[in-house]
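Visitor: Here is how the chains run, residue by residue.
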Amino acid sequence: MTLLEFFGCSLISFSPALIMFIFTVANNPLKIIILTCSAFFWLLSLLLSSIVWFAVVPLRKQLVFSMVVSILFQEAIRIAFYFFINGGGGSSGGGGGAAAASSAGGSEPLTDADQVTLTAGTGRPVKILHLHSLSYVCGLGFGFMAGAFSMVNLLADISGPGSVGLGGEHEGFLLVSSVLALMFVFLNICWTVVTFVCIEDRRLYFLAYVWGSHLLCSLLTLLNSSASPLLSLVPIMVSLTCALIGLLLSLHLVEANLAGFFTSLVSPAWMLRVCRR
Amino acid sequence: MSDAARAQSEAVNQQQQQSEAEGEQPRVEDVDDEEEDADKLLLYGSKQIIRLFVPVSICMLFVVSIISTSILNALIILGLVIVMTIVLIVLYKLRCYKVIQGWLYVTSVLILFFFSLIFFGVLLSTLNLAFDYITMAVCVWNFGLVGQVAIHWKGPLLLQQMYLIFISALMALVFIKFLPEWTTWVLLVLISIWDLVAVLCPKGPLRMLVETAQERNESLFPSLIYSTTAAYMSVGTAEQPQQQQQQQQQQQDGNVSSDLDESGSHQQQHQAAAQVLNGGGGDGGEAGVSGGHDGDGPDAAGAGSNGLRVRNKAFHDESHGVKLGLGDFVFYSILVGRASSAGDWNTTLSCYFAILIGLSLTLLLLAIGRRALPALPISITFGVIFYFLTSLIVSPFVDALTAQQLV
Numbered sequence: 001m002t003l004l005e006f007f008g009c010s011l012i013s014f015s016p017a018l019i020m021f022i023f024t025v026a027n028n029p030l031k032i033i034i035l036t037c038s039a040f041f042w043l044l045s046l047l048l049s050s051i052v053w054f055a056v057v058p059l060r061k062q063l064v065f066s067m068v069v070s071i072l073f074q075e076a077i078r079i080a081f082y083f084f085i086n087g088g089g090g091s092s093g094g095g096g097g098a099a100a101a102s103s104a105g106g107s108e109p110l111t112d113a114d115q116v117t118l119t120a121g122t123g124r125p126v127k128i129l130h131l132h133s134l135s136y137v138c139g140l141g142f143g144f145m146a147g148a149f150s151m152v153n154l155l156a157d158i159s160g161p162g163s164v165g166l167g168g169e170h171e172g173f174l175l176v177s178s179v180l181a182l183m184f185v186f187l188n189i190c191w192t193v194v195t196f197v198c199i200e201d202r203r204l205y206f207l208a209y210v211w212g213s214h215l216l217c218s219l220l221t222l223l224n225s226s227a228s229p230l231l232s233l234v235p236i237m238v239s240l241t242c243a244l245i246g247l248l249l250s251l252h253l254v255e256a257n258l259a260g261f262f263t264s265l266v267s268p269a270w271m272l273r274v275c276r277r
Numbered sequence: 001m002s003d004a005a006r007a008q009s010e011a012v013n014q015q016q017q018q019s020e021a022e023g024e025q026p027r028v029e030d031v032d033d034e035e036e037d038a039d040k041l042l043l044y045g046s047k048q049i050i051r052l053f054v055p056v057s058i059c060m061l062f063v064v065s066i067i068s069t070s071i072l073n074a075l076i077i078l079g080l081v082i083v084m085t086i087v088l089i090v091l092y093k094l095r096c097y098k099v100i101q102g103w104l105y106v107t108s109v110l111i112l113f114f115f116s117l118i119f120f121g122v123l124l125s126t127l128n129l130a131f132d133y134i135t136m137a138v139c140v141w142n143f144g145l146v147g148q149v150a151i152h153w154k155g156p157l158l159l160q161q162m163y164l165i166f167i168s169a170l171m172a173l174v175f176i177k178f179l180p181e182w183t184t185w186v187l188l189v190l191i192s193i194w195d196l197v198a199v200l201c202p203k204g205p206l207r208m209l210v211e212t213a214q215e216r217n218e219s220l221f222p223s224l225i226y227s228t229t230a231a232y233m234s235v236g237t238a239e240q241p242q243q244q245q246q247q248q249q250q251q252q253d254g255n256v257s258s259d260l261d262e263s264g265s266h267q268q269q270h271q272a273a274a275q276v277l278n279g280g281g282g283d284g285g286e287a288g289v290s291g292g293h294d295g296d297g298p299d300a301a302g303a304g305s306n307g308l309r310v311r312n313k314a315f316h317d318e319s320h321g322v323k324l325g326l327g328d329f330v331f332y333s334i335l336v337g338r339a340s341s342a343g344d345w346n347t348t349l350s351c352y353f354a355i356l357i358g359l360s361l362t363l364l365l366l367a368i369g370r371r372a373l374p375a376l377p378i379s380i381t382f383g384v385i386f387y388f389l390t391s392l393i394v395s396p397f398v399d400a401l402t403a404q405q406l407v
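Chains as they are written, first to last, in UniProt numbering: chain A, 1 to 277; chain B, 1 to 407.
No lab work stands behind these hints: they were computed from the structure. Take the hints with a grain of salt, since some may be wrong.
Listing some non-contacts, in silico: residues in chain A with all C-beta distances to chain B over 12 Å [as the list claims (entries may be wrong)]:
#1 Gly162
#2 Ile199
#3 Leu258
Quick list of simulated restraints, FRET-style, between CB atoms [what the hints assert, rightly or not]:
#4 B:Asp399 / A:Thr24: 30 to 40 Å
#5 B:Ser46 / A:Gln62: 52 to 62 Å
#6 A:Asp201 / B:Leu80: 35 to 45 Å
We put the CB at the ideal spot given by N, CA and C, even for glycine.
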């Protein structure tokens with residue numbers, strides 16, 4: 001079960017992120033850079049929260065405290081990243097104004113068609129992404145890092161020659177971990193999209209959903225026990241529900257055509273193109 | 001090397017003991033003086049104190065520099081890099097192109113044949129695979145020869161880039177294998193400081209190299225540098241006809257440069273702006289690679305020019321040809337490799353992202369500053385900081401979380 005489990009679990013956690021990366025991010029260099037930046041920012045939030053964990057010695061064993069701190073830092077960094085991205089656009093040759101204008105006027109989300117081309121200080125046209133696709137890319141970066149940091153060491157341990165388990169946990173331990181990592185990839189995407197739109201449109205009350213569901217999903221993982229996988233169903237189901245709600249909410253917030261979105265899920269454009277031929 | 005260092009340190013310890021012993025005597029006298037005469041103390045006290053200062057500080061200096069041989073090791077390597085860089089620059093200033101060319105040929109032969117032979121041997125023995133020497137010899141011969149041709153003469157850009165990457169990876173592996181852990185960290189810090197000095201100081205060697213190359217309107221050692229465009233094109237000059245003629249005589253690359261004329265001026269500006277230099281220009285000598293643009297003679301240029309021109313035009317629109325020294329590749333890989341050799345993938349991941357962010361910041365500064373910049377300092381600083389923070393603080397935290405499946 002070692003190598004098989006390694007491949008299975010790593011594919012469960014990362015294949016959706018990988019597919020999303022390949023089909024929506026990899027073709028645009030700027031998106032890749034933003035993905036890297038967001039991953040780095042997530043790393044910063046983790047760093048801050050672990051410094052707090054390290055500094056508050058009496059509460060080191062009480063992981064609830066550091067989890068809450070970590071969630072707060074993650075959300076703060078998410079908001080900080082929004083301002084960083086917008087400010088960064090402004091510093092490179094006045095691109096920020098145009099980007100803001102375009103994102104205020106634009107209503108078609110998740111497409112590359114609505115990019116604004118303008119000339120920055122380099123004398124070369126720089127493509128400024130639409131806010132919605134930008135937030136999606138950032139969310140992917142956040143989610144990937146969150147999933148990766150929770151999974152890589154487990155995966156590395158399980159892949160080793162002749163490993164029968166990690167520390168006497170139940171058989172589905174790695175499966176639960178990888179499904180949770182997968183859920184958090186999706187959740188982070190939804191949270192980031194919702195957060196960015198909220199700040200952009202000054203509709204801050206939707207932030208309550210983000211923070212609330214983040215707290216809920218994270219703290220419910222305290223139910224996980226190493227004895228049996230049954231209780232782990234609760235956090236998984238709850239985070240699945242939260243992810244679905246977050247998906248609907250973010251689609252609503254970016255004013256996407258819901259029916260069109262679901263049709264495109266069932267019948268992707270490439271499939272239609274193939275059928276027409 | 002470590003034996004020599006140890007012997008040295010012993011010698012130094014003896015010296016220190018001597019100096020300490022010497023230092024004892026004046027202090028005793030000093031105390032006597034104090035009891036006997038206050039005037040004398042005023043007169044000679046300060047002198048005595050200074051006399052004490054000197055041996056004590058020499059002693060401390062030696063202890064600090066010797067106490068861990070890692071600093072010494074790193075300094076030796078750094079000294080080697082500095083000497084090699086200076087030799088390279090002197091040769092370049094004196095226009096000894098053939099010598100540089102030969103140097104680069106020899107180093108790349110060494111790496112491509114012998115190092116790769118050793119590398120494959122170790123790889124096979126690790127994988128516990130049996131392999132006969134004859135097949136191995138044929139494989140390595142072909143591999144190395146194709147590499148030589150691709151790097152020094154001509155070949156698909158992709159192939160050349162692959163060989164450059166392979167060479168850098170091999171160099172990094174050698175460093176990781178043979179350097180003790182702390183030497184690596186000290187070396188990384190020292191090299192990035194050296195990089196900063198060498199590229200940014202008005203008299204820094206790498207800066208002089210770049211400026212000389214710009215004066216001569218040549219692309220700078222297309223060999224030591226990984227380029228995102230065709231690496232061995234020479235840059236034509238539309239702006240300065242005299243220099244262009246000169247260049248044509250020198251370089252015998254008339255074909256290429258005249259082909260490039262229409263795009264030459266743009267390309268050259270971009271390239272001049274977009275060169276990120278490596279920490280070890282001299283280290284490039286060790287990691288030696290070369291694409292000959294002057295010594296190769298007209299056939300190479302003529303034969304290559306057709307394909308080259310097409311490729312250039314294709315690349316011209318979309319790419320400015322950002323260049324990164326191979327030394328940077330090597331030291332980035334050393335950092336990440338050292339981080340991963342601890343067996344903690346979180347550390348590797350964070351170092352990787354820290355280095356990428358540092359590289360993007362450097363490229364951002366490049367776009368703003370439009371002059372050659374050292375690529376190591378920002379990335380290595382980020383990488384080192386994140387290595388230690390992650391391995392000391394973040395990893396225990398994350399491990400505690402993942403052990404209980406908390407996200």
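Visitor: Please go over all the hints and tell whether each is borne out by the structure.
Guide: Hint by hint, here is what the structure shows:
no.	hint	in the structure
1	Gly162	holds (16 Å)
2	Ile199	holds (23 Å)
3	Leu258	holds (29 Å)
4	B:Asp399 / A:Thr24: 30 to 40 Å	holds (32 Å)
5	B:Ser46 / A:Gln62: 52 to 62 Å	holds (59 Å)
6	A:Asp201 / B:Leu80: 35 to 45 Å	violated (59 Å)
This entry does not satisfy hint 6, going by the numbered hints stated previously; all others are met.
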